[in-house]
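Q: Full structure from sequences and hints, please.
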Amino acid sequence: MIKFDRVSKRYPNGKDALRRIDFELPAGQLTFLTGHSGAGKSTLLKLIMMIERPTQGQVFMAGQNLNGFSTRQVPFLRRKIGMVHQNHQLLFDRSVFDNVALPLVIAGFAHADIGKRVRAALDKVGLLSKEKLNPIMLSGGEQQRVGIARAVVNKPPLLLADEPTGNLDPALSAEIMDLFHDFARVGVAVLIATHDLSLIARHRHRLLTLREGRLIHDGEDDDHGA
Amino acid sequence: MAPNNPRARRPGGARSIRTSLRDRLTAWRRHHRDSLRDALTRMRAAPSSALMTVLVIAIALALPAGLAVLLDNARVITKGWDGNAHLSVFLEQDVAESRQRQLADEWAGFDTVKRTEVITRAQALDEFKALSGFGEVLEALPDNPLPPLVVVYPDNSAPGRVEALQNRLNALPEVDNAQLDVAWVRRLHAIIELGDRLIGVLTLGLAAAVVLVVVNTIRLAIESRREEIVVVKIVGGTDGFVRRPFLYSGFCFGFAGGMLSLILVGSALWWLGGPIDELLDLYESEHSLTGMSPSTVLVLPLFSGTLGLLGAWLAVSRHLGDIEPHF
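Sequences listed follow chains P and R, in order.
Reading the first sequence from the start, the letters are residues 1 to 226 in the working numbering.
Reading the second sequence from the start, the letters are residues 1001 to 1327 in the working numbering.
Careful, some of the hints might be misleading.
[Said to hold, decoys possible] Per label pair, the in silico range of CB-to-CB distance:
1) R:1041 / P:62: 49 to 55 angstroms
2) P:136 / R:1267: 43 to 49 angstroms
3) P:216 / R:1044: 30 to 36 angstroms
4) P:181 / R:1048: 49 to 55 angstroms
5) R:1044 / P:204: 39 to 45 angstroms
6) R:1216 / P:175: 43 to 49 angstroms
7) R:1226 / P:197: 47 to 53 angstroms
8) P:133 / R:1298: 42 to 48 angstroms
9) P:136 / R:1051: 26 to 32 angstroms
[What the hints assert, rightly or not] Below, a list of computed lysine to any residue pairs in the SDA-like style, where the Cα atoms sit at most 25 angstroms apart:
10) R:1129 / R:1144
11) P:132 / R:1044
12) P:132 / R:1042
13) P:46 / R:1324
14) P:80 / R:1042
15) P:80 / R:1025
16) P:116 / R:1031
17) P:3 / R:1325
18) P:80 / R:1241
19) P:116 / R:1238
20) P:132 / R:1040
21) P:46 / R:1238
22) P:130 / P:115
23) P:132 / R:1101
24) R:1129 / R:1101
Think of the hints as simulated: they come from the structure by calculation, not from any bench.
Treat the numbers as computed from the prediction; the structure is a model and nothing was measured.
For every residue, glycine included, the Cβ atom is placed at its ideal position computed from N, Cα and C.
A: Quick look at the structure:
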């Protein structure tokens, strides 16, 4: 689903955020991305989201070279990526339903269709009864689940998560991880950036480790039942 | 996501869902409608600051619009005056009344003269007595000091031809003086012309002010909706999608300002209407104050809305690019 081919990123201030990164994320696989802060995790996610462009090398998504995408095409690329944030990035001026519906509204779904899909996504994360609430009334774990529902509501083939369990206790983290497993099981490529080592230890998955912009470890561990 | 859907359970990975062109067109129209509604809702949500913006726009536009109306009126009135320009032809004192009538008939036959009117010395004296209040003084005079007068109404009001007529009459031996008072009318025309240009300059300057006011308002709106813009960009909103609500906002501000400026100008005209009509009466004009033309009423809000749209566009293209997702 995603392929990095000798990708380097140097910021204008001269900092090398990524150096010659090579890896591939197949569909249906859940992968952890770890490393200390500043190791390049954020930059790697930004390259996939096309918030940044690589200085060297190529990023492929579903076989398409992202270098060939114009700025105008970026939004259409992003519609194929579900993004889950540590701070949820929910909008508190509208209901849970409207938060989850946003990607569908943007992509131009028919009105009736939106209702069905939003409810399916909320049902999946167990929040169907809270669709009319403002997300500010929800707990941290629930807010994160709303964020996940929004990320998957238009069934993207790729799901990125940036510290998705950062503020959650282990029980809630486990719930969130179960959701990610479910998505991987139906064929979504899931990439979870985290420095929560206990989380990584509890779930034995492929692990990409970055240090100072280099990929120093790519542990293949297929024993996750995908 | 519906992971239990068997169609999604494919080894090639989940398929992202697609939308038909028709759905997208409908959605596009819906987003326009929603953006307009959103813009209006936000104006209602912060009524005092919205009102300030609208008021500034309204005042900026009411100024040139009001002046233009007054100038239009002045133009219509003076056009009438110009048409009524006439020559007062004073004859020599010793011209007899019969000769006076003969001359008047003769001049009425000129092709540049519409008609003539005879005012004999006796008539002139009576009129003067009645109007001036100097009756007793005039009684004391041994002779009637007033000359015989023929009023000549020219057939057309083009200043050049009237002057030619004036020269022709002045050259006659029995004519003491043929007076034409159009110089001040011409001066007035020049002033109106200047006023026109002035309004042009004023409109340009104040239109720029309207645009800047909207730029600033929209810039603040963008700043306050930063979070939302980031989220919209992350989930794949195009620049157009992000821009649209702000453009509608700008248009609404401009349009509302234009409407309010109509009300301001209308109120001002109503307030001034009485005194102005009185003034016109004093100048014996049949004209009464005319308000804004229907085309102005129609065009002003749209013009103002366009200025708002332009301001919003400038703000959006300047500031929206700065806001990018970060994590």
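Q: Give a verdict on every hint.
A: Do the hints match the structure? See the list:
no. : hint                               : verdict
1   : R:1041 / P:62: 49 to 55 angstroms  : violated (39 angstroms)
2   : P:136 / R:1267: 43 to 49 angstroms : holds (45 angstroms)
3   : P:216 / R:1044: 30 to 36 angstroms : violated (56 angstroms)
4   : P:181 / R:1048: 49 to 55 angstroms : holds (52 angstroms)
5   : R:1044 / P:204: 39 to 45 angstroms : violated (55 angstroms)
6   : R:1216 / P:175: 43 to 49 angstroms : holds (46 angstroms)
7   : R:1226 / P:197: 47 to 53 angstroms : violated (33 angstroms)
8   : P:133 / R:1298: 42 to 48 angstroms : holds (46 angstroms)
9   : P:136 / R:1051: 26 to 32 angstroms : holds (29 angstroms)
10  : R:1129 / R:1144                    : holds (11 angstroms)
11  : P:132 / R:1044                     : holds (23 angstroms)
12  : P:132 / R:1042                     : holds (21 angstroms)
13  : P:46 / R:1324                      : holds (11 angstroms)
14  : P:80 / R:1042                      : violated (31 angstroms)
15  : P:80 / R:1025                      : holds (20 angstroms)
16  : P:116 / R:1031                     : holds (19 angstroms)
17  : P:3 / R:1325                       : holds (22 angstroms)
18  : P:80 / R:1241                      : holds (17 angstroms)
19  : P:116 / R:1238                     : holds (24 angstroms)
20  : P:132 / R:1040                     : holds (23 angstroms)
21  : P:46 / R:1238                      : holds (17 angstroms)
22  : P:130 / P:115                      : holds (14 angstroms)
23  : P:132 / R:1101                     : violated (97 angstroms)
24  : R:1129 / R:1101                    : holds (23 angstroms)
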